[in-house]
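K.L.:
Given two chains presented individually in distinct reference frames, assemble the corresponding complex, making use of the accompanying hints.
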Amino acid sequence: MSPRPGFVLETDRATPPTLFWHGEGWRLERLPPGSRIVYPPEPMEAVADPDEAVRQALAHPLGDSEPLADLLRPGMRLTIAFDDVSLPLPPMRPPDVRQRVIEAVLELAAAAGVDDVVLMAALSLHRRMTEAELRHALGHRVYEAFAPHGLLLQHDAEDPDGLVHLGCTDAGEDVEINKRAATSDLIVYVNINLVAMDGGHKSVATGLASYRSLRHHHNVRTLQHSRSLMDEHRSELHTSNWRMGRHIAASGIKVFQIETTLNTDTFPSQFAFLQRREWEWSGRDRATYLATSASLARTPARLARSIFHSIRSPHALTSVQAGEVEAVHARTLEHVHRQHVVPVEGQTDILTMGLPYICPYNVNSIMNPVLVMCLGLGYFFNLYRGKPLVRAGGVVIMSHPTPWEFHPVHHPSYIDFFDQVLAETTDPLEIEAKFEESFATDPWYVHLYRTSYAYHGVHPFYMWYWGAHALQHLGAVIVVGGDVAAVRRMGFKPASTLRDALEMAADVVGPDPSVTHIHAPPLLLADVE
Amino acid sequence: MIREALAGTRIGVTGATGFLGTAVVERLMRSVPGCEVLVIVRPGRRGAQERARRDILNNDCFDRLRDERGAEFDQVVGSRLIAVAGDVGVDGLGLDDAGRELLAGCRAVIHAAATVSFDAPLDAAAEVNLMGPARVARTLAEAAAASGRPVPHLVAVSTAYVAGTRRGEVAETLLPETTFATEVDWREEVRAARRARHDSDAVSREPARLARFTKQARRELGAAGTPLLAERAERIRQGWVQERLVEAGRARAQGLGWPDSYAYTKALGERALLDERGDVPLTIVRPSIVESALSEPYPGWIRGFRMAEPVIIGYGRGLLREFPGIPEGIVDVIPVDLVAAALLAAVAKGPDPAGPVVYHVASGAKNPLRYRQLVDLVRAYFTEHPVYDADGQPIVVPQWSFPGRGRVQGQLQRARRTLGAAERVLSALPVRGRQAALSARLEEQRNQADRALGYVQLYGAYTETEALFRVDRLLELWSQMDRSDRYDFWFDPGAIDWTTYIQAVHLPAIVIQARVRSSGGRREGPSRAERGRRAVLSPQRQLAAFDLENTLIASNVVESYAWLATRRMGDGERLRFTLRTLREAPALLALDRKDRGDFLRHFYRRYQDAPAGQLREDAWELFSWLMLTKAFPAGIRRVREHRAAGHRTVLVTGALDFVIEPLRPLFDDVVCASLGEAHGRLTGELVHPPPTGEARAMLLGAYADGEGISLDQSVAYADSASDLPLLEAVGHPVAVNPEVKLAAIARRRGWHVEHWSRAPGGPRPLLPLAPRVRSSA
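The listed protein sequences correspond, in order, to chains A and B.
Going by our numbering, the residue at position 26 of the first sequence is 26; the numbering climbs one at a time, nothing skipped.
Going by our numbering, the residue at position 240 of the second sequence is 240; the numbering climbs one at a time, nothing skipped.
It is possible that some hints are incorrect.
Unchecked claim - Okay, the calculated beta carbon distance ranges per label pair:
#	chain 1	residue 1	chain 2	residue 2	range
1	A	148	B	571	18 to 26 angstroms
2	A	441	B	688	34 to 42 angstroms
3	B	530	A	250	53 to 61 angstroms
4	B	705	A	437	34 to 42 angstroms
5	A	51	B	771	26 to 34 angstroms
6	B	705	A	170	58 to 66 angstroms
Stated by the list, open to error - Chain B stretches covered by chain A per the calculated footprint, using a threshold of three residues with CB under 8 angstroms from any CB of chain A:
#	region
7	617-626
8	661-672
9	755-769
Treat the hints as calculated values from the structure; they're not laboratory data.
All residues carry an ideal CB built from backbone N, CA and C; glycine is no exception.
Looking at chain B on its own, in the form it has when it is part of the complex (with noise of 0.2 angstroms):
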């Protein structure tokens, strides 16, 4: 019936990128052998067609039509899946004329487009979830008036939780007919929500919480330059703004008894759709708790992570340890597929004369799923076949004990309190390397607490639900399926077997799905570290730029110094300049966080007066008393291996010439700093600017492009986030030994790091100073 129903007509499917619009495109393709689909998706940059194929066609949803079809899939897709560009968030869908007449020509269009994060700022929900069926339906109306065809059947997804945070029965009813229905006024919703925007954004722009934005950048990067600071603010400045308005559309939904910003625009959405709709046939369909395919395309098929799957793998992995829920209450899940079969069967049996209608699709009033029965479903998968941690072990799984919500966030948030604040302290301290890899781990402890922590306050809801949502009209659409749509459109509920769609089908999906460790033991091939190591001493690569302190030798400016002016002194002498050093270090350090660039102008404006020759000749020890004698020799060796494969090596650091002039024949090029000289004796001023912050990524980008070199085929390595624009500047950076704020970086950004460490059992001196010569008085 379905299958001849929709033969030689076209249906139009919004939100064909989505989980639930794939599965209704694929099912259309596959099932109904004889009609066209016509797609809205956002274009992007490569157009509507480009991005139907690659976001909807590439989808592994198409793999079982793709194997029945072979060498003709192409030619059958391609003649029956037409791509358009348009856009639900803007009147009139954004369509172009022939856009809308091909839509006028359509039977029916599926209405699957959504923002469905649950913690989607205010405004994005406004404009997408409930101004977006309106538009819709408008988009529809108008089309056909100019086309003077019939107007096609609107079938909007809705979800079942428009219903809220109710107890007891809810019947497929539109919603002004229900007794629950809260009388708000969605057009005032919608323009709070876009004056919220407006607010938090001017808001964000008052010069105090700028200022913090911009403190927030330092503590978090260091001293990294000004270009980068002022882009991570502002990045800190949106982000705020939105988190923002994802509070605000959280605030509004519970004070209006919705779960949710997702359900409370749905709920506003279905209303503004009935005030708008004008003589558009409307179907509207509530489904639940939307989970991966019970049988078709495949078993387990699922597109994206939703919502269950990263509790049940934070589960899994042993980062959840306990979530809110009432043991007998009921988890409303729902196979995909027969989401999308339950749309397909009323989309071809049409509207009905009398009005809209609404159907649930959802398990729980046929065939339940009890918290309880999930969780120890969840419980017996993940102790048969754990998840494995990074070292190879099974992760044992918790026992859950059904407590309170409020029991669980006072712990998430304690948890996470502390975890903050031991990072904190950490990332005050001058760690690097190995400690600092410590710090980012708490660093990831404590955002896997704020996951957590954000899965209870989003979810909660839904697992403490005691609304039953009935599925009457649903069966009865069942009930009017003959044999062959049942076998290919299958959406009784009452179908569903818990234990083989939760152990068999779903929870292997979504273990491959999260990429977690399904195995023990070592891992087969190269390490990470390995793969690293390969990648930047590949022979493609064509620079490696190195910093100097801390990058390769494990000293700095300060003791170069310290060294170079007590070669010649005597040991009275030697103790004061010791004193006088040890007292003014804290100063040094503070300024040296602040601005690379002030402290060495600063610093080395000791060196006036200093006489050249002599200098340059003592370089010459220092290079074996302190800088050998302190580097990392595994770093050494990493220069010459990239110049052994070919790659050009350049030393990029703020030290100065004559210091670093013994290390030159290990590197192709370097870049340092100088100071003027007069009458044999040095001037204290640096005669450039010194290659500090983004003045060494642009140095280093003159460099690539004079010897016609690609950033992206170069390797830079540094250790800290004043480096970060040395870093960012080319195609493959290296963190060594990286201090807490690039750690924490370089984890995030999945950068290569090595940690590289002096000699073992090489000398350790307590003080850089020159050894005592006897002189030759």
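So that you can see chain A by itself, here it is in the shape it has in the complex (with noise of 0.2 angstroms):
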């Protein structure tokens, strides 16, 4: 039986209360009749035999590249560059897909005699990847076969001596990348394309990139003008890496672009019922609800916080195509779609969503409330095609518990941005103009990003661009079950309860609202007419 497609269901007095992601545990929640909820596809049928699939893949290139194992030759300088610990989510079973295709790359190397093979995580500005993370993206055997060796780096967009800067795009846009990549004969680019947004010249031009070139998108201009980010043909942020990608390659750097994607298989069998409508939920299925959210309630939230992250997801991959950047990605994008659009017809007055416990930027750590904004606004928000789902000076309302927490290795810029800069103001012009610069170049952090686990002391900032086209599109953001002050700090309105967050959305749509639910994770994109 082929999975079921994704579908709007439009609830009444006998729809079963809907699930709501909240943190580290869930709610179910009653959502008033003649709401709508937007429920993703069901996972795609994998790959049958992964490693074959790579193997095919990287033999029969797309667009205007040979087989990789005609680019390569002996004395050659290779630099496989692959996505860090922000991909996938959560982090996949082992062995993780980058496992499988690096080893089929390195196979396929080894065979052509190339001596000079570094691994590269591409970090931009994210936090450096530790060996166990590393170990976990890669396997035991690659990991021991390069690390001890030094072969194996990570960007380091702060290293002076390690960027190179390629001249600027016709738009005037810097081109800085990874000097080590920048000079190799080809670099290998190992994606993981979870969304739409994934891959493309995004890979390269963002990912191995250094402060100076990132600026030019990754600002509240671009990002207010990305409408979505999940839609490169209207998103200023994928034009201009778009142009950044073809100046790298105009400049004389090969690139075999290799992209995966996993279907929404996303929580493991204990957890089904996360991913099953809630009117199908078997008897057991309620009873391991019941009985998870019963232990959760009992369950210190740090003790919380480490089993949630130590979930290993089983997706499975569901397409592998490799060579020539724009050729492979336009491929990938048709298997993303595939898996996760819905059609959706017309905008609602109010937009409801459960935030989980994870997104990109805190695997293996917290989710504090900047990165709650980012999730909500910056990627549930934009998970559409055409308008958004909510219409303008609609009203969001997030379910996530939001403390007042932060890591103190991971995100110590972000703990200075809360305190101090969203203390004086959370208008993302404002505070690009005022702040931006001086947490950027800002020598503790950027200390910190290169020798310690910290995201890039600007890193935070991005995180608010990220939701700067939804601040200006929406007339209020209520955050239900939110740490009050945490909630209030970020400009947002605070609820106790679902019912209380309706009433006050009200106030701002008017009466009689329009309601519509997206019921992610596991992801989706809504197509809306």
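P.N.:
This is the structure:
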């Protein structure tokens, strides 16, 4: 039986309560009759033999590219860049797809007699990966073959000797990327394309770039004109990255792009109810729901967090394509869309969402309030093509505990951003003009980014900008069940129940509003007409 | 009559910097335009003239005269007020020839100098109160003889309570003529008082006692280093001697029938004066309890915190729930302006040729204020105008039940014992930060109980007194006053309306004086914490020194060691290591508490033969996994704020150089410990003495000198009493999450306190062990 597509349910009095993610847990909420719930499509079928699929993709590249084996020769300089810990979400059960692909690439390289091979985590301004995370992504065999010899690197966007400026695009954007990669005869970039935003020219132009280069597209103006971030044809962010990618190619840097797509089989079988439609819950699903909810209520927050972060997703590979960047990415998008797209008719006054415990920037870490904002308004709000799910002047209601908590090692600049910047203003443009530079160039943050496991000093700003379009578009943002002080600090309204939140929202959008709930994760992409 | 009688004369005043003395000087300057005033003051460092300006003329007592005279004030006062250096505590008053000459030229001298504290040490009270009047008389006689002028009239201020705790009427007669005269030889009492000082001092220097003082200093300050401990122990010793003398004074006074050493020494002072005065013409004026002015220079003028004020304010703040007293007993209060006026009337009248006379200046006989009435007035006042607590909430005043003194003392003593025990328990626990602040609160409550007990012991007698001071002679003097005198120099106690005086004059004045909060709600402007923060970050500061452990990071050298040691261990080895370390922990802690330097020396030996290169490499992981994980983000931010403000930032720590290496970029400079190295392995021995205790202060001092930085303009952050030398070395000390001892010290000294915590929600590893890493084997 083939997987069922996503669909939109209109609730009535008989509709069972709807599952809302709520950080390290969930709630069952009853939406008003007549509300719409957007359900994601069921997970697509996986490729039968992933290793074989990878080998085939490398041997039969797309676009104007020779097979990988033909690009490899003795004496060449090869850099294999790979997506970092922010993908996929949650981290997948071993073997990670990066491990499969890289092992296959290394096999070809060894066969071709390539000696100068370096693996490089494409961190951009993310934190460095820990040894355990690298081992998880690459497998012990690859890790031990490279790490002890200093051949497993992590991109350092602040290494004064490790970057090369490739000039500017015709739009005047600086293109500055990792020197080792830029001076290689071939860059093989291994992607995990979890959502439509990932991959394409963004891989190298962002993943291996410096702050100097990133600031041309990671800024408020660009992000306010990326509508949505999941729709590259209407996204300034992508347009800029594409200009840079083409500039990089024109500079003579050869990139062999490998993109992989995963299905939405997101949670292990013991949490199967999380990806089932509520009225189809079996007795066993209901029992698990009750049991896990009850035990979570008794579990200390810290422990609950570590339990959730140990979830390994059964994600399975649905496609792999390799070759020239744009041709590969076009094919990838087809696969991503097939898995994610749900047609939705018209916009809504109020968009509700339950935010889970994880986003790309808190793997093995803490989802701090800034990340809650980014996940809700940067990611979930942007899960659309065409028009936003919620109308201009509408309201987003997010459900998340939003604790006033921060990881001291991973998010040091977030702490100061929250305490100092947001205390003064929440307006992205003002924040950008007044504070970005000082955080971005702060030597202590730079030191922590380079030597510890900290996100770059400017990263919390990017998180805030990610939601800039939503902030501009919406009439209000309400957080259900969040830490009141933290929610207010971000300029949002706190509510203790969904019912209260809906009443508050009605004050903004008027009486008898239309309500739409986005039932994710698993992820989806709403095609709004 | 008074104005005319005194015009063109010179009046001497002792004790002019005191409450009554200031009032007398002001009244002379304002109401007797023609006279000259000679004040005998202890010169201090700045000289007599300057002292008189600062401590007399700058008092708000002179505000009225200043307003009336405007620009002329300085000239008028300058030409009429003569200050000479002197001290009634030494024979001859310590005057020089010029001073004696000036003194001899006085028409009268008002001797108002006294140790008014009811709990002054016996010897001090004896020197000033007992010997003072006789010394003044002798000096007057000598000076007059030397200059060949008539001997000035001596008007000595005594106290009505020289009558002791007696019942019934007390007439205005010289002590030897009264029926209740205590027959003691005042000369012998003076000798005994001096001997008591000597003996107590000798006892305080016995080895066992000195050891106790040292132990107490250590208990208070912890491992603060030898110089500070020595200084503290010496202060404790001096305090102990002082306390014994206070106790000796109180015991002797009460044994002889006086309420306290003040009344006792004043009484003997009168006797000494009569014995020693020779032919100096003498008048004795005995006021009762002198309180704020009724109308001159303005209603409510008061100087210093006097007898009844702490009790009343203590009540208003809800600290003193009971005060013993007899409801129908008389509280004999007299406003200061009435006393000053009476003194001047006595001066104007001149000595009685028949011999010394005595005036009572008291209210009880003519216009009694009953204790119940006083309590009702005070209670009504504070009910209508409550004092507010720190949170802006009004404090409800308790209803007094007029209990006996014994019961109140019993209650207070029990409260004090309970609080003291709670405090001791808490101080023995390794708490810091807000818990330590709780201990500081307990300490404050105990101090309050102590103070309340002190008030009861000291002043109880005054609310229980059943003596009635007759004022016949005073009223006779009043009857001789003409109209203008009565206008300018009112001293008839019958005219006081107690309700108005207490509620409209006295209480508002002392509420302002005590600076208690008299309005509710949130305070305007920045909070105390905010002001403290601004002060340390002010652009004028030049340097900020930081301790590391528990100041910036909730970790210590033991944890760093444990982390580094376990980084490359297998499971079994880790377990053995953990058990061993746990077993050693108590001994290590004890050593650390005793002497930080010894502890570090001892502990760092464990690094002997450790591979230096590998440790340096691992320290970078330690940085992320332990140091940053346990860091206080607000503390790290503060370091950076100091740098942004242009201050130099220095880390001063006993931690090892390779451990703090990753933290270096945070600071301009680092002072830390380092171990010797041979053949790539650590020797386990320190290269330099570790920067602990007073060595830190010295290192910081040397550093500041070298950089041309003023320590007064420097800030230091530290968490424990062992850092006291560092904190005391700078002008702006900050106690961070202070442990109990430092919390108490910071509170007492008004230091800025920061409560920094680890990142909320951050990882909390149970044991400081490195994460298990799959070995590459």
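K.L.:
With reference to the structure, classify each hint as holding or not holding.
P.N.:
To see whether the hints hold, each was checked on the structure:
1. Take residue 148/A and residue 571/B: their Cβ atoms lie about 22 angstroms apart, and the range 18 to 26 angstroms holds.
2. Against the hinted window of 34 to 42 angstroms, the Cβ-Cβ separation of residue 441/A and residue 688/B comes to about 36 angstroms, which satisfies the hint.
3. Range check, residue 530/B to residue 250/A: Cβ separation about 56 angstroms, and the 53 to 61 angstroms hint holds.
4. Range check, residue 705/B to residue 437/A: Cβ separation about 37 angstroms, and the 34 to 42 angstroms hint holds.
5. Checked against the given bound of 26 to 34 angstroms, the beta carbons of residue 51/A and residue 771/B, roughly 31 angstroms apart, stay inside it.
6. At about 60 angstroms, the beta-carbon gap between residue 705/B and residue 170/A stays in the expected band of 58 to 66 angstroms.
7. For a cut-off of 8 angstroms, the count of residues in the region 617-626 of chain B with a CB near a CB of chain A stands at 4, and the three-residue condition holds.
8. For the region 661-672 of chain B, the stated coverage by chain A is satisfied: 3 residues place a CB nearer than 8 angstroms to a CB of that chain, which reaches the threshold of 3.
9. Check on the region 755-769 of chain B: 7 of its residues sit with their Cβ under 8 angstroms from a Cβ of chain A, so the three-residue criterion for coverage holds.
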